[in-house]
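Enquirer: Sequence:
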Amino acid sequence: MNLHPAALDRIETVRRIAREVAGPAADVVDRQGRFPREVINALKAERLLSAYVPQSLGGHGAGMVELGLMCEALGQRCASAAMVFAMHQVQVGCLVRHGHTPYFQDYLNDLVRQQRLIASVTSEAGVGGSVRTSICNIAQQGEQCSVRKEGTVVSYGEDADDLLMTVRRSEASAASDQALVLVTKRQCEMQQISSWDAMGMRGTCSPGYVISAQFNAGQIVPDPFADINAHTMVPWAHILWASAWLGIATDAVARARAFVRDTAKRMGGGTPPTVSRLSEVAARLQLMRAQVRERAQYYATLMHQPDGGRDTLSSVGFAVELNHLKLNASELVAEICTKALRITGTTGYRNDSPYSVARHLRDAHSAALMIGNERIHAANGALHLVYKDDVL
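If you number the sequence shown the way our numbering does, the last residue is 405 and the count never jumps.
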């Protein structure tokens with residue numbers, strides 16, 4: 014990875030925030046199920062919520078590889094903070110790449126100045142978890158619009174400044190004829206309809222809300238949602254989520270390694286029986302790291318092509334391989350954390366141990382549920398009927 018010195022400096026800044034802010038707060042965030050606001054505030058202070066915004070609009074102009082490494086660093090210390098940062102960057106990516114009108118350019122300037130936090134409202138009651146289906150619709154009279162949506166899972170909705178919502182374009186539109194709408198919290202009434210006392214990722218604070226919003230037609234992202242979803246939303250989500258999961262797995266293996274080393278010292282320099290398991294889990298981590306970072310680099314390469322890699326991003330092959338990333342990374346993070354637990358034993362099982370991987374394991378099991386793996390396998394299976402791969 015050839016990164017600009019400024020990018021390396023920003024990555025090191027995030028690593029410092031991970032060590033000095035996210036790590037010390039992680040257990041409290043998890044135990045209390047509260048938003049990791051000290052981490053997000055530290056990222057805001059370094060103007061990193063606008064990391065991807067182009068330099069011409071005041072941002073850093075960061076790339077996918079850089080963002081992935083940032084999510085990975087945060088994931089090593091606080092998975093909830095890493096996931097909030099990742100989800101926010103997905104929303105920023107959608108606006109930068111598809112919001113070409115003056116309204117969105119002005120909004121991105123505001124994002125840079127104010128370090129606004131954007132939450133996603135893609136879930137909806139009654140659609141069975143399908144992001145590409147909407148029930149709620151825009152009601153429009155002239156330039157004035159309104160929508161009412163029942164979002165089943167709205168991560169950090171209470172702490173966000175703005176919401177990016179999927180909706181049907183009109184009452185007459187098909188469920189798949191969707192639009193993406195950016196609304197500020199001041200334009201919304203939000204009624205919480207569920208709680209978030211979850212097994213893991215507790216700091217993402219993801220209850221359900223009924224959201225009623227009044228907004229201007231200019232706040233509808235101009236590009237077709239099918240393109241936004243295929244070219245930006247899904248690739249960014251799978252790559253940045255996987256990067257956060259890689260951070261979880263990395264720290265779990267680091268704790269297992271430290272435990273084995275400590276065991277060796279207590280044995281007077283002997284070889285603990287768990288060394289073979291350590292080798293096995295380290296190999297799985299290397300496999301996960303290679304796939305996650307390769308996809309980030311590949312996507313970055315596509316974005317630098319003259320046409321932004323449009324044909325590739327729209328291809329069956331790209332969709333299949335991207336789904337493979339999500340499936341593999343989400344399974345590997347849980348597998349790696351489980352193997353780390355078996356190495357550390359009851360010491361890793363305890364919450365009050367320096368070798369504890371309990372939080373890691375609970376957070377890791379969220380990965381297969383974020384766009385359920387069964388749904389992705391079903392979609393990928395259908396795509397494989399027409400996908401030819403590189404078979405001679």
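Among the clues, some could well be false.
Here are the computed distance ranges between Cβ atoms for each label pair [said to hold, decoys possible]: (1) Arg-279 - Gln-204: 31 to 41 Å; (2) Ser-159 - Leu-21: 53 to 63 Å; (3) Gln-45 - Ala-277: 29 to 39 Å; (4) Gln-318 - Gly-281: 53 to 63 Å; (5) Ala-138 - Thr-197: 20 to 30 Å; (6) Arg-274 - Ala-138: 46 to 56 Å; (7) Ser-289 - Arg-161: 36 to 46 Å; (8) His-397 - His-17: 36 to 46 Å; (9) His-113 - Ala-295: 42 to 52 Å; (10) His-113 - Arg-161: 51 to 61 Å.
Listed next, the in silico EDC-like pairs over lysine to aspartate or glutamate satisfying Cα-Cα at most 20 Å (straight line) [stated by the list, open to error]: (11) Lys-57 - Asp-22; (12) Lys-401 - Asp-324; (13) Lys-57 - Glu-25.
Hint data in this document are derived by calculation from the structure and do not stem from the laboratory.
Given the structure is predicted, the values throughout are model-derived calculations rather than measurements.
For each residue, glycine too, the CB sits at the ideal point set by N, CA and C.
Enquirer: Given the hinted pair Lys-57 and Glu-25, is their alpha-carbon gap at most 20 Å?
Expert: 15 Å, holds
Enquirer: Can you confirm whether the C-alpha distance between Lys-57 and Asp-22 stays at or below 20 Å?
Expert: 16 Å, holds
Enquirer: Range first: 36 to 46 Å. Now tell me if the beta carbons of His-397 and His-17 are that far apart.
Expert: 38 Å, holds
Enquirer: Please test the hint of 36 to 46 Å on the beta carbon pair from Ser-289 and Arg-161.
Expert: 57 Å, violated
Enquirer: Look at the Cβ atoms of Arg-279 and Gln-204 and judge whether their distance stays inside 31 to 41 Å.
Expert: Violated - the Cβ-Cβ distance for Arg-279 and Gln-204, about 56 Å, lies outside 31 to 41 Å.
Enquirer: When you take the CB atoms of Ser-159 and Leu-21, is the distance between them in 53 to 63 Å?
Expert: 46 Å, violated
Enquirer: 53 to 63 Å was suggested as the range; check whether the CB atoms of Gln-318 and Gly-281 agree with it.
Expert: 58 Å, holds
Enquirer: The hint says 46 to 56 Å between Arg-274 and Ala-138; measuring C-beta to C-beta, is that right?
Expert: Holds: the Cβ-Cβ distance is about 50 Å, inside 46 to 56 Å.
Enquirer: Could one say that the CB atoms of Ala-138 and Thr-197 fall in the range 20 to 30 Å?
Expert: Check passed, 23 Å falls within 20 to 30 Å.
Enquirer: Does the Cβ pair Gln-45, Ala-277 satisfy 29 to 39 Å?
Expert: 36 Å, holds
Enquirer: Could you check the hint for me, namely that His-113 and Arg-161 are 51 to 61 Å apart, CB to CB?
Expert: 28 Å, violated
Enquirer: Confirm or reject the claim that His-113 and Ala-295 have a C-beta distance inside 42 to 52 Å.
Expert: Holds: the Cβ-Cβ distance is about 45 Å, inside 42 to 52 Å.
When the structure is compared with the earlier hints, violations turn up for hints 1, 2, 7 and 10 and for no others.
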